[in-house]
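Whole structure, please, built from the sequences with the hints as guidance.
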Amino acid sequence: MENKIVLSMQGVCKAFPGVRALQDVSFTLRHGEIHALMGENGAGKSTLIKVLTGVYEMDEGEILLDGHPVSIHSPQQAQTLGISTVYQEITLCPNLTVAENLFIGREPRRAGFIDWQTMNRKSDELLEKLDIHIQPTQQLDTCSIALQQMIAIARAVDMQCQVLILDEPTSSLDDDEVAKLFDLMRRLKEQGVGIIFVTHFLEQVYEVSDRITVLRGGELVGEYNTSELPRLQLVAKMMGKDFDDLAEIKSTRTGNPDTGRPPVVEAKGVGHRGTVKPYDLEVHKGEVIGLTGLLGSGRSELVRTLYGADKADTGTLKIGGKQIKVNTPLDAMKHGLAYLPEDRKNDGIIADLSVRENIILALQAKRGMFKPMSRREMEEFADKYIDMLQIKTASRETPIKSLSGGNQQKVIIARWLLTNPDFLILDEPTRGIDIGTKTEIQKLVLRLADQGMSVAFISSEIEEMLRTCSRMVVMRDGRKVGELSGDDLTQERIMKTIAGGEKAHA
Amino acid sequence: MPEAKLTPPGQKKPLWRRIAGHHLFLPLLCLVIVLLSNLIKTPDFFAITIQNGMLRGYVIDVVNRASELVILAVGMTLVTAASGGQDISVGAVMAVSAAVCCQVLSGGEVSVTTFSNPLILAVLAALLASALCGAFNGFLVAKMHIQPMVATLILYTAGRGIAQLVTNGQITYVRVDAYKMWGSALPGLLFPVPVFFAIAVVLIVSLVIKKTALGLYIESVGINGNASRLVGLNGTKIKWITYIICGILAGIAGFVSSARIYSADANNIGLNLEMDAILAVALGGNILGGGKFSLAGSVIGAYTIQALTTTLYAMNVSSDQLPVY
Ligand SMILES: Nc1ncnc2c1ncn2[C@@H]1O[C@H](COP(=O)(O)OP(=O)(O)OP(=O)(O)O)[C@@H](O)[C@H]1O
Ligand SMILES: [Mg+2]
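Respectively, the protein sequence lines represent chains A and B. Sequential numbering from -8 applies to the first sequence in the numbering used here. Sequential numbering from 1073 applies to the second sequence in the numbering used here.
One or more of the hints may lead you astray.
Claimed, not checked - Mimicking DSS-like on lysine-lysine, the simulated pairs with C-alpha atoms at most 27 Å apart in a straight line are: (1) Lys1364(B) to Lys375(A); (2) Lys1215(B) to Lys302(A); (3) Lys375(A) to Lys1282(B); (4) Lys325(A) to Lys276(A); (5) Lys487(A) to Lys268(A); (6) Lys1364(B) to Lys1282(B); (7) Lys1113(B) to Lys357(A); (8) Lys316(A) to Lys1215(B); (9) Lys1252(B) to Lys357(A); (10) Lys1215(B) to Lys362(A); (11) Lys316(A) to Lys392(A); (12) Lys362(A) to Lys1252(B); (13) Lys325(A) to Lys302(A); (14) Lys362(A) to Lys1282(B); (15) Lys1282(B) to Lys1309(B); (16) Lys180(A) to Lys232(A); (17) Lys309(A) to Lys259(A).
Unchecked claim - Selected chain B positions facing chain A (Cβ under 8 Å, derived; list incomplete): (18) Ser1188; (19) Pro1190; (20) Leu1288; (21) Arg1301; (22) Val1303; (23) Lys1364.
In case anyone wonders, no lab produced these hints; they're calculated from the structure. For every residue, glycine included, the Cβ atom is placed at its ideal position computed from N, Cα and C.
Rendered as structure tokens:
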């Protein structure tokens, strides 16, 4: 079934200072197909999309929409042409309500004034349809990042469009949400919408996509039918070399930490009103623990109370056997904690500062204002981690905001590794990171643990946690409901505990 | 367009592009344009003569008159970068500092010809007063999270009143040469004394920023407060520090200003200078919304504004009409 072509991009070139992001790339999208756009971090996927939607002007090339050449100069124009987009970094307004965000720029009006009632009602319907359980009148920044991602998707699919672009929409969603999203995508596909889907999850590509276009280093590698391209070949095409995909890196670690000494972290009855109910937690030296649970179950909130990002209002915390008070993140850092937050854009990057400054910032803050690092020292640190994590950047002085999403993530990881913590908290560390590097990071975590670092790992990918963690803490509704280790660490057991077994909560 | 393709990774950009891309390019260009237009209007604009070991000329005059503005612009740059807002009270804080200084020197008299108290005591008192003003502003902005413009509006309106209170509603004169000299030109020094104040302030603040991590902290807090908190920075403290520095600098500017006229004129010292200082920051290529900053840019901006003001004087625009421009 060869469908009609809805969108075609020919010979697109785009250069940034010091980087050729796209070179002579062509891309074709047909009506009623889900087309995966694949490539490593920095391959040019987001740039291709931004050129298409008028965020960037292209240097060369042309875009044909339904066979007619168009020149798109702004995202608004793209929208009127029927191209609806969810960008990689969420572009909603945190201080507006959910409903306002859903209808911004196209508010229902009555007699010239915004019709709030209709707007809230329509939002309710839309959220209902997607099974998102929030109040339309809630302010957006009170929602978790995953919910925000769902809201961004809801907004995009609600607009009448013939092309829908999703740039890593699933990066912080869990399996249920992903399934919901895929249902929705399939429905739209039946209506003839062409969908461009960017992701680093291979399973998802094989689950929904009909066709795959692969980019590497800003150049087109090729377009393939999903059914005719085996996984291993896809990975090889993306990386330009063979790669033992999903290599079993399950550690040889038995998960029997050094229990003789006092635990590195010992929390008793720590809680934060409204987000996490009081919990007990022990983490030993060299242990990797995982935190799992549904979205909004409080796994991120739990680690935030440990780190002092949200000040705990009950309980006591002992680090290395000594009871300490953690009022601010700095207190926690001074005691050897480090925390990689899940929301890269709002809590992670300092957008206008260079890669170098972003890497050294936490260590500098820990050392204090009056012990500045010398330029040489900073450059050495930056170069070391750019090399170690293979951060793709034009130079170490490039502002972090002009790096690709995955590379920004690597910079933030570097920032925390540089502080050489005793207890490293990683909230979705591999979000938006390509499969090659993802494996590298998982290996790195295990290596660090072998060297005696304790790690808390949060990921919406259970496989990833199974591969790295020796113990898992299960959360439900802000409450710690169980711990699994040893032979109990199977996907099935975890799912059961998350769901609460037979007596699921009312 | 195709130019971008001329610059593949690794290869240096053409020289003129690198110059044009430098963050000080536009501020300098502004300054040059203003200076050149002066030259057309006043052919002897750049003429400098030496009299009694002092340089004289229009340019020297610009450099001299700009001193207070430069000092203010430095403080304003830091405040802007850290808090994403401006301190509009600096002109009034100048008046407070001048009033305190002159009042201590005169010992309460309206006009004196000898110091009643040591100069150093007076200066310290003036700087303390202005630091307190800065701390008050900083408290409102950093601790109470009030919009900077609104927070500093309080001292903007009340500051001159406080200065009047300090001087009992009089204009206090300190007709002592040892005081006048800080605001005038001294034989053998080439430049008038205020110029050295400006240079010293710029050097010291640059040095502090270079020798501590304060600059990085300020930029970081100004760009992303949430992320800065999570890497262990105390945004409240850092913003507060910038307001205190800004207050102290306003105090120094007030001292210079009052030494020029050897009096504390609460109604006129530093009048409308806060607007010029904000403009200097903007002209220097700094984003008024906070974040990355360039002291050098603001300093160039300050000289540009002063050059412009002097130009208008040179064109015989009376000082009453000047605010129109
Ligand atoms: N605004 C910009 N300024 C300068 N360089 C940029 C800019 N945006 C992207 N780049 C560069 O272009 C290249 C491609 O980036 P792009 O964001 O398209 O990658 P991506 O394929 O989306 O990667 P990821 O999977 O990490 O999201 C990168 O090397 C990046 O550094
Ligand atoms: Mg991307």
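Status of each hint after checking the structure:
no., hint, result
1, Lys1364(B) to Lys375(A), "25 Å, holds"
2, Lys1215(B) to Lys302(A), "18 Å, holds"
3, Lys375(A) to Lys1282(B), "24 Å, holds"
4, Lys325(A) to Lys276(A), "17 Å, holds"
5, Lys487(A) to Lys268(A), "21 Å, holds"
6, Lys1364(B) to Lys1282(B), "15 Å, holds"
7, Lys1113(B) to Lys357(A), "56 Å, violated"
8, Lys316(A) to Lys1215(B), "22 Å, holds"
9, Lys1252(B) to Lys357(A), "47 Å, violated"
10, Lys1215(B) to Lys362(A), "26 Å, holds"
11, Lys316(A) to Lys392(A), "35 Å, violated"
12, Lys362(A) to Lys1252(B), "41 Å, violated"
13, Lys325(A) to Lys302(A), "16 Å, holds"
14, Lys362(A) to Lys1282(B), "11 Å, holds"
15, Lys1282(B) to Lys1309(B), "19 Å, holds"
16, Lys180(A) to Lys232(A), "33 Å, violated"
17, Lys309(A) to Lys259(A), "8 Å, holds"
18, Ser1188, "39 Å, violated"
19, Pro1190, "32 Å, violated"
20, Leu1288, "6 Å, holds"
21, Arg1301, "6 Å, holds"
22, Val1303, "4 Å, holds"
23, Lys1364, "5 Å, holds"
Going through the hint list in order, the structure does not satisfy hints 7, 9, 11, 12, 16, 18 and 19.
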